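Full structure from sequences and hints, please.
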Amino acid sequence: MGRGSFAALELSKAFSELSALSDEALRARTETFKEAIAKSEKTVDDLLVPAFATVREAAKRVLGQRHFDVQLIGGMVLHDGDIAEMKTGEGKTLVATLPVYLNALAGKGVHVVTVNDYLARRDAEWMGQIYRFLGLSVGIIVHGLDDEERKASYACDITYGTNNEFGFDYLRDNM
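Going by the numbering used here, the letters in the sequence shown line up with residues 9 to 183, in that order.
By construction, these hints were calculated from the structure, which means they are not laboratory data.
Warning: the hint list may mix true and false statements.
Okay, derived cross-link-like pairs now, PhoX-like style, lysine-lysine, Cα gap no bigger than 20 Å in a straight line [as the list claims (entries may be wrong)]:
| id | residue 1 | residue 2 |
| --- | --- | --- |
| 1 | Lys68 | Lys47 |
| 2 | Lys116 | Lys159 |
| 3 | Lys42 | Lys116 |
| 4 | Lys21 | Lys68 |
| 5 | Lys100 | Lys47 |
| 6 | Lys116 | Lys50 |
Computed from a predicted model, the values in this text were never measured in an experiment.
Below you can see the structure in the form of structure tokens.
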């Protein structure tokens, strides 16, 4: 059994325990995770299983969608910095919530790159429901924002945008 399959089994166990928690108790896990990272008691990697399980339960409650085991494995692949090929309709947007939430716990900001402004807006609103439920802030960088709006979006825990917007903002800030 590969690492992904083993972790998916661990996640299934952790997930079943979370279903009994209240919304407030589930939400409180975010602060617990953040504090453990800030105090160097845990690393982001140490929290993969409990954080993924937390997102899975939140998605079920907020969106009525549950990550399948193959999507959990896809989230692990993305967290490891690798590429996961998925076809249209296989849940790429939902898969991304797993490593995005996990890495946002470190408090350094996570940027999610989409191919156009429409998808950036859609995904920030749609998946943002999960993140906001769990106590994280969500911003969006799209064409036409003024400097203050951009600054506010970049200050969020999670920021959605296009490669063009992120790239040109980087160039503007570093020239």
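Holds or violated: Lys68 and Lys47, Cα atoms, limit 20 Å.
Outside the cut-off at roughly 30 Å; violated.
Given the hint that Lys42 pairs with Lys116, test it: the Cα-Cα distance must not exceed 20 Å.
Within the cut-off at roughly 11 Å; holds.
Take a quick look at whether Lys116 and Lys50 sit within 20 Å of each other, Cα to Cα.
holds, 16 Å
Hinted pair, alpha-carbon criterion (20 Å max): Lys116, Lys159. Please report holds or violated.
The given pair, whose Cα atoms are some 15 Å apart, holds under the 20 Å limit.
Would you mind confirming whether the straight-line C-alpha gap from Lys21 to Lys68 stays at or under 20 Å?
Since the Cα atoms of Lys21 and Lys68 sit roughly 16 Å apart, the hinted pair holds (cutoff 20 Å).
Satisfaction of hint between Lys47 and Lys100, Cα-Cα up to 20 Å
violated, 32 Å
Taken one by one, the earlier hints fail for this structure at numbers 1 and 5, listed in ascending order.
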